[in-house]
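Trainee: Chain residues, written in single-letter form:
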Amino acid sequence: RKEVEQDPGPFNVPEGATVAFNCTYSNSASQSFFWYRQDCRKEPKLLMSVYSSGNEDGRFTAQLNRASQYISLLIRDSKLSDSATYLCLSSNTGKLIFGQGTTLQVKP
Amino acid sequence: NAGVMQNPRHLVRRRGQEARLRCSPMKGHSHVYWYRQLPEEGLKFMVYLQKENIIDESGMPKERFSAEFPKEGPSILRIQQVVRGDSAAYFCASSQSETPYEQYFGPGTRLTVT
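Protein sequences appear in the order of chains A and B.
For the record, in the first sequence the residue sitting at position 86 is 90 according to the working numbering, with numbers rising by one throughout.
For the record, in the second sequence the residue sitting at position 39 is 172 according to the working numbering, with numbers rising by one throughout.
Mixed in with the good hints, there may be bad ones.
Below, computed lysine to aspartate or glutamate pairings styled on EDC-like, alpha-carbon distance capped at 20 Å [claimed, not checked]:
| hint | chain 1 | residue 1 | chain 2 | residue 2 |
| --- | --- | --- | --- | --- |
| 1 | A | K99 | B | E151 |
| 2 | A | K99 | B | D189 |
| 3 | A | K99 | B | E201 |
| 4 | A | K46 | B | E205 |
| 5 | A | K49 | B | E235 |
| 6 | B | K195 | B | E173 |
| 7 | B | K177 | A | E19 |
| 8 | A | K83 | A | E60 |
| 9 | B | K177 | B | E235 |
| 10 | B | K204 | B | E190 |
| 11 | A | K49 | B | E173 |
| 12 | B | K177 | A | E7 |
| 13 | A | K83 | A | E19 |
| 14 | A | K46 | B | D219 |
| 15 | A | K46 | B | E235 |
Since the hints were made in silico from the structure, they are not lab data.
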């Protein structure tokens, strides 16, 4: 079993839809979590950090569920420009593990 | 404030040659991370360095690969005697301090071994 797992998708959704991705982690000692976005195998770009209390940035909401050991990313009102691969990152005192990524395709 | 810089952006090497990949972190960042992304695969952590120190190299292959981050100058990822399986995108990221501070990625070096 991988330490950090994501459903690779692709998730095909129409513009305006709400879509959510989960990322599960197996190491309960993991301390910090982040969501990154990667376009066409370019460099990953930090989307948002994930805080225990949950956090929101515009149309994006990130949640952490320590009891069930997963983080989630919710995208509301999807735009064509949201089409990308979304990577979760788990960190435990410097040990860094990315998930495989979930591909989102937003269709007109 | 320039972002993370990597060079070269594309590197072609024949089997058996050496590859040197450079990474200049963002200004004010003293922590550097190297990742490898094979075609159709996710990002794999290789090594984490601070100035003049290797903090975690648990993701680095034991042979042929080495990394350094000298007091002056960029971080270098060195691959000796490259093989076809080394063909990948190599990304460098930097952070202000040890995580949980956010990492910012460079554009990557695409290594092709012929």
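Trainee: Decide, hint by hint, whether the structure agrees.
Mentor: Against the structure, the hints:
no.	hint	result
1	A/K99 - B/E151	28 Å, violated
2	A/K99 - B/D189	8 Å, holds
3	A/K99 - B/E201	18 Å, holds
4	A/K46 - B/E205	28 Å, violated
5	A/K49 - B/E235	10 Å, holds
6	B/K195 - B/E173	24 Å, violated
7	B/K177 - A/E19	32 Å, violated
8	A/K83 - A/E60	17 Å, holds
9	B/K177 - B/E235	17 Å, holds
10	B/K204 - B/E190	19 Å, holds
11	A/K49 - B/E173	18 Å, holds
12	B/K177 - A/E7	12 Å, holds
13	A/K83 - A/E19	5 Å, holds
14	A/K46 - B/D219	18 Å, holds
15	A/K46 - B/E235	18 Å, holds
Figure legend: structure checked against the earlier numbered hints; hints not met, in rising order: 1, 4, 6, 7.
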